[in-house]
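Chemist: Mind the numbering: the sequence shown is residues 1 to 255 in the numbering used here, read in order.
Take the hints with a grain of salt, since some may be wrong.
[Unchecked claim] Label-pair ranges, simulated between beta-carbon atoms:
1. Lys13 x Lys169: 14 to 24 Å
2. Pro21 x Leu188: 20 to 30 Å
3. Leu17 x His106: 37 to 47 Å
4. Asn18 x Pro210: 24 to 34 Å
5. Asp86 x Ser145: 39 to 49 Å
6. Pro69 x Pro210: 17 to 27 Å
7. Lys47 x Glu14: 27 to 37 Å
8. Phe202 x Gly98: 36 to 46 Å
9. Gln114 x Phe202: 15 to 25 Å
10. His106 x Gly45: 23 to 33 Å
Don't read these hints as lab results, they were simulated from the structure.
Virtual Cβ for every residue (Gly too), placed ideally from N, Cα, C.
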Amino acid sequence: MFERTRKRLYYVKEKHLNSMPQVSPFVNRSLGVCSLVGNSGILTGSKCGQKIDSGDFVIRFNMPPVCRPYLDDIGTRTDMVTTIRDRMRSKWGLMQTGTGKKKFLHHLHDQYGQDTFIVSAPFTVYKDIEALLNIAEVLRSSNSSVVPLFISPIHVKQAIQTWGELGLKLKKRKINFSSGFYYTSVALELCDQVNIYGFWPFRTDREGRPVRYHYYKSVDSGGLNNSWHEMDKEFEKLSQLHNQGVLQLITGNCR
1 MFERTRKRLY YVKEKHLNSM PQVSPFVNRS LGVCSLVGNS GILTGSKCGQ
51 KIDSGDFVIR FNMPPVCRPY LDDIGTRTDM VTTIRDRMRS KWGLMQTGTG
101 KKKFLHHLHD QYGQDTFIVS APFTVYKDIE ALLNIAEVLR SSNSSVVPLF
151 ISPIHVKQAI QTWGELGLKL KKRKINFSSG FYYTSVALEL CDQVNIYGFW
201 PFRTDREGRP VRYHYYKSVD SGGLNNSWHE MDKEFEKLSQ LHNQGVLQLI
251 TGNCR
């Protein structure tokens, strides 16, 4: 979630600063063909796993389960996974206990492997800063080879401005980009080709069949009912970019 908030100063603690990469690992490097894998139930039964895994770089959102029985539809590989404070709180209690830290590390390594990046945007919402920066310290202290990355608030601001100039304006102050849409912006900068799977905000598919908001939850809410995001406008923009050949938006079955 990427929010437009008033300016506030935050002094980064030395332990957090020392745990951060000082240079982006993607400088002067293309990621090639990127598979962006959203979490929509539109993936269920799609058999897109093999096609997703065929990409050079696979990006997943909000630390979803990558395990059976979903693998045929979502693939097995993960090169980068994103997270947000709400996910960290609901699943691992913001890692405020030893048990929470162990469960977080187990999920991270078991679902995505050791050779991956975990990305968050701690500086866009003030209350998120400490919880998300702590990821780097937990990884460092456990000798994990997973690399933590943090999005610059300057980049978030520039992305909002750029998409506004391209016709996607956020009308209300409380409304902000979904993480999936923002990281699509990032992928368009880093990848030669962007193939998007699992982005579908509607509660039914093109044939009128019900679609869950998340492929791994039987009952949930979101999509067009999510008051924090303008999912319909985001999807409309992605569809427009698909028609222009800027990216590929896959919303049907792969085989």
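Chemist: Next, verify each hint and record whether it holds.
Modeler: Hints, one by one, checked against the model:
Between lysine 13 and lysine 169 the Cβ separation comes to about 36 Å, which falls outside the hinted range of 14 to 24 Å. At roughly 22 Å, the beta-carbon separation of proline 21 and leucine 188 lies within the given 20 to 30 Å, and the hint holds. At roughly 27 Å, the beta-carbon separation of leucine 17 and histidine 106 lies outside the given 37 to 47 Å, and the hint is violated. A hinted range of 24 to 34 Å for the beta carbons of asparagine 18 and proline 210 is inconsistent with their spacing of about 49 Å.
Distance hint check: the CB atoms of aspartate 86 and serine 145 are about 26 Å apart, inconsistent with the given range 39 to 49 Å. Checked against the hint of 17 to 27 Å, the C-beta distance between proline 69 and proline 210 comes to roughly 19 Å, which is consistent with it. As the Cβ distance of lysine 47 to glutamate 14 is approximately 49 Å, the hint placing it in 27 to 37 Å is violated. For phenylalanine 202 and glycine 98, the Cβ-Cβ distance of about 42 Å falls inside the hinted range of 36 to 46 Å, so the restraint holds.
Between glutamine 114 and phenylalanine 202 the C-beta distance comes to about 37 Å, which lies outside the given range of 15 to 25 Å. Taking the beta carbon of each, histidine 106 and glycine 45 are about 29 Å apart, inside 23 to 33 Å as hinted.
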